[in-house]
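Student: Chains A and B, in that order, give the protein sequences.
The first sequence begins at 4 in our numbering and counts up one residue at a time.
The second sequence begins at 9 in our numbering and counts up one residue at a time.
Be careful, since some hints might not be right.
Covered stretches of chain A, as calculated for chain B (at least 3 residues, CB under 8 Å) [to be verified]:
no.	region
1	141 to 151
2	187 to 195
To spell it out: a stretch of chain A is covered by chain B in this simulated footprint if at least three of its residues, at any positions, have a beta carbon under 8 Å from a beta carbon of chain B; those stretches are [stated by the list, open to error]:
no.	region
3	199 to 209
4	252 to 262
Some but not every residue of chain B turned toward chain A, in silico, with C-beta under 10 Å [what the hints assert, rightly or not]:
no.	residue
5	Val126
6	Leu130
7	Leu137
8	Gly139
9	Ala143
10	Thr148
11	Thr230
12	Arg238
13	Thr239
14	Glu251
If you are wondering where the hints come from, they were derived from the structure by calculation, not from laboratory data.
None of these values were measured; they are calculated from a predicted model.
Even for Gly, the Cβ is constructed at its ideal location relative to N, Cα and C.
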Amino acid sequence: MKAQRTWTACMLGTAAIALLLGGGVGQPRAVGAGPANSITVFAAASLTEAFTVLGKVFEERNPAAHVMFNFAGTQQLALAIEQGAPADVFASADQRWMQHLQQRGLILGTPREFVRNRLVLVIPRSNPGKLLGLQDLARPGVKFVIAADAVPAGHYLREALAKLNRAPGLGRDYDQRALRNVVSEEDNVRAVIAKVQLGEADAGAVYRSDVTSMVADKVIVIDIPDPYNVMASYPIAVVKGGNSTGGQQFVALITSVLGQQILRGYNFIPANPP
Amino acid sequence: MGHAPPPSHQSRRRSWPAGLLRVAPVIAGAVFLVFLVLPVLSLLIRIPPGELLQRLGNPLIVQALRLSVVTTVAATGGAILLGLPVAYLLATREFPGKRVMEVLIDLPMVIPPTVAGVGLLLAFGRAGLTGRALAAVGVTIPFTTVAVVLAEMFVAGPFLVNTARAGFEEVDPKYLRAASTLRASPGFIFFHVVLPLSLPSLTAGAAMTWARALGEFGATITFAGNLPGRTQTMPLAVYVALESDLNAAVALSVILLLVSFGLLLTLRSFRISLRR
Numbered sequence: 004m005k006a007q008r009t010w011t012a013c014m015l016g017t018a019a020i021a022l023l024l025g026g027g028v029g030q031p032r033a034v035g036a037g038p039a040n041s042i043t044v045f046a047a048a049s050l051t052e053a054f055t056v057l058g059k060v061f062e063e064r065n066p067a068a069h070v071m072f073n074f075a076g077t078q079q080l081a082l083a084i085e086q087g088a089p090a091d092v093f094a095s096a097d098q099r100w101m102q103h104l105q106q107r108g109l110i111l112g113t114p115r116e117f118v119r120n121r122l123v124l125v126i127p128r129s130n131p132g133k134l135l136g137l138q139d140l141a142r143p144g145v146k147f148v149i150a151a152d153a154v155p156a157g158h159y160l161r162e163a164l165a166k167l168n169r170a171p172g173l174g175r176d177y178d179q180r181a182l183r184n185v186v187s188e189e190d191n192v193r194a195v196i197a198k199v200q201l202g203e204a205d206a207g208a209v210y211r212s213d214v215t216s217m218v219a220d221k222v223i224v225i226d227i228p229d230p231y232n233v234m235a236s237y238p239i240a241v242v243k244g245g246n247s248t249g250g251q252q253f254v255a256l257i258t259s260v261l262g263q264q265i266l267r268g269y270n271f272i273p274a275n276p277p
Numbered sequence: 009m010g011h012a013p014p015p016s017h018q019s020r021r022r023s024w025p026a027g028l029l030r031v032a033p034v035i036a037g038a039v040f041l042v043f044l045v046l047p048v049l050s051l052l053i054r055i056p057p058g059e060l061l062q063r064l065g066n067p068l069i070v071q072a073l074r075l076s077v078v079t080t081v082a083a084t085g086g087a088i089l090l091g092l093p094v095a096y097l098l099a100t101r102e103f104p105g106k107r108v109m110e111v112l113i114d115l116p117m118v119i120p121p122t123v124a125g126v127g128l129l130l131a132f133g134r135a136g137l138t139g140r141a142l143a144a145v146g147v148t149i150p151f152t153t154v155a156v157v158l159a160e161m162f163v164a165g166p167f168l169v170n171t172a173r174a175g176f177e178e179v180d181p182k183y184l185r186a187a188s189t190l191r192a193s194p195g196f197i198f199f200h201v202v203l204p205l206s207l208p209s210l211t212a213g214a215a216m217t218w219a220r221a222l223g224e225f226g227a228t229i230t231f232a233g234n235l236p237g238r239t240q241t242m243p244l245a246v247y248v249a250l251e252s253d254l255n256a257a258v259a260l261s262v263i264l265l266l267v268s269f270g271l272l273l274t275l276r277s278f279r280i281s282l283r284r
């Protein structure tokens, strides 16, 4: 009996090792692209709240469906999809990264712009840097937190600052002076707003939609006037090789009147005004 | 045990498990080694050496590497300075609340580093608990190189305390008794008896602390931010590069790996020469 038990244990052990080895050699099972009725959506971090609600709406309308989200910086999502991550839908915070995937033949059909977004400056309610307007952003010693250049929000901001050089009263080297105040280049907009919320940054640059109801009472918003602002354009598309039927259904909801209304509720600018 | 199988079968059954038991650990060891080495090897073979050298000439990489070396050495030094007394206390004394203190020291190892970063901000940030007092005298820590050192020390410090403590505990008490019968002062005993005897463990602890500090990412980017030249250490540079240029990220990782390999190997040989 004892020998038999040891024997069984050995068999189990070998089986476990074989399984480990086999698992290493074979293709790992895709995480998201499993059952036909599950849809995996890779969406820019700034879409977190709005898309979570839209996912629930989708599931209510299609009770058999299950929507899973992966929210992160657009650049991270695009690179993950390029490396074979199982996404069915990609919602990008800029055209650059959508084109990046299109050029690599990973996108099905033509991407559609579904919302736009405006950049704003946020400062902690306590206003530790004593900022009264855009001109103060270039004052030496201000702690300015932005997103890195690879992040869409960071890229747009650098464009907007360059445009502000032409604004009256700000000075021709405004962008240089403002960028000299940068104390951190974050890897997504949510990290920027977190540092403003904690009062560590004197100012941060985020999307208008990032000032959610959760943070609205902790920050002050300074608008960048439209002529100098950069309108972020968000495209959405179905990714090749996944659940494309489900993906198309989800995209249809996002671009529908209801989807656009919900997105507007989260301070996005609808691309198809209802 | 009523029905024993025929003897020939039984002997075969017995010899099988014995053989397997001997082979299984070898297989397990091999699997584990492959598991650990394969990702590192995959990084190494992706970038040709020529490209690596070329990237080493990039001032941004040199900057990040230098910052990593400076901050991790400072963090390890700080952990030794503040951690050794704690380790010695834990190894030699019994006092109320000792168990709680041990767990508190282990906590930074289990907290996700990003959370550790938030904790550091809430404690030493300018709106934080002690940060407000510091700000009053004109000192702000977040977004500075000092913040990088603190983040590394926080995350890596427990490794030093735990290893050093184990080293101190290994010192045979009879040497201490001998020293005190010779009327050596406690300070003299520590520096001339305990420290030399536990030096191999302390070196191992310092190496582990340093290695953990070198790989630190989450607490650093949260507490110190990410700014080239000031707070962007190698892991942060790798992460940022990963978002635009995969090859640059891999090259950076390889450089980080080679530097770590060299330093850890040196420390290990030093430890072995100490033991002799």
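Student: Evaluate each hint against the coordinates.
Tutor: Hint by hint, here is what the structure shows:
Evaluation of the coverage hint for the region 141 to 151 of chain A: fulfilled, as 3 residues show C-beta separations to chain B shorter than 8 Å, against a requirement of three. Coverage of the region 187 to 195 of chain A by chain B holds [criterion: at least 3 residues with CB-CB distance below 8 Å; count 5]. A count of 3 residues in the region 199 to 209 of chain A with a Cβ less than 8 Å from any Cβ of chain B is obtained; the coverage claim is therefore met, three being the minimum. Coverage of the region 252 to 262 of chain A by chain B is violated in this model, with 0 residues showing a Cβ closer than 8 Å to a Cβ of that chain against a need of three.
Residue-level restraint check for valine 126/B holds (minimum Cβ-Cβ distance to chain A is 8 Å; threshold 10 Å). Given hint, leucine 130/B at the interface with chain A, holds; its Cβ is 7 Å from that chain's nearest Cβ, closer than 10 Å. At its closest, the beta carbon of leucine 137/B sits 12 Å from a beta carbon of chain A; the interface hint therefore is violated under the 10 Å criterion. Among the interface hints, the one on glycine 139/B holds; its C-beta lies about 9 Å from the nearest C-beta in chain A, closer than the 10 Å criterion.
For alanine 143/B, the shortest C-beta to C-beta distance to chain A is roughly 9 Å, which falls under 10 Å, so the interface hint holds. Given hint, threonine 148/B at the interface with chain A, holds; its Cβ is 8 Å from that chain's nearest Cβ, closer than 10 Å. Checking threonine 230/B against chain A by beta carbon gives a least distance of about 8 Å; that is within 10 Å, so the hint holds. Interface hint status for arginine 238/B: upheld, as the beta-carbon distance to the closest one in chain A is roughly 8 Å, under 10 Å.
Taking 10 Å as the C-beta cut-off, the interface hint given for threonine 239/B holds, the closest approach to chain A being about 7 Å. Below 10 Å, beta-carbon pairs count as interface contacts, and glutamate 251/B has one with chain A at about 4 Å; its hint therefore holds.
When the structure is compared with the earlier hints, violations turn up for hints 4, 7 and for no others.
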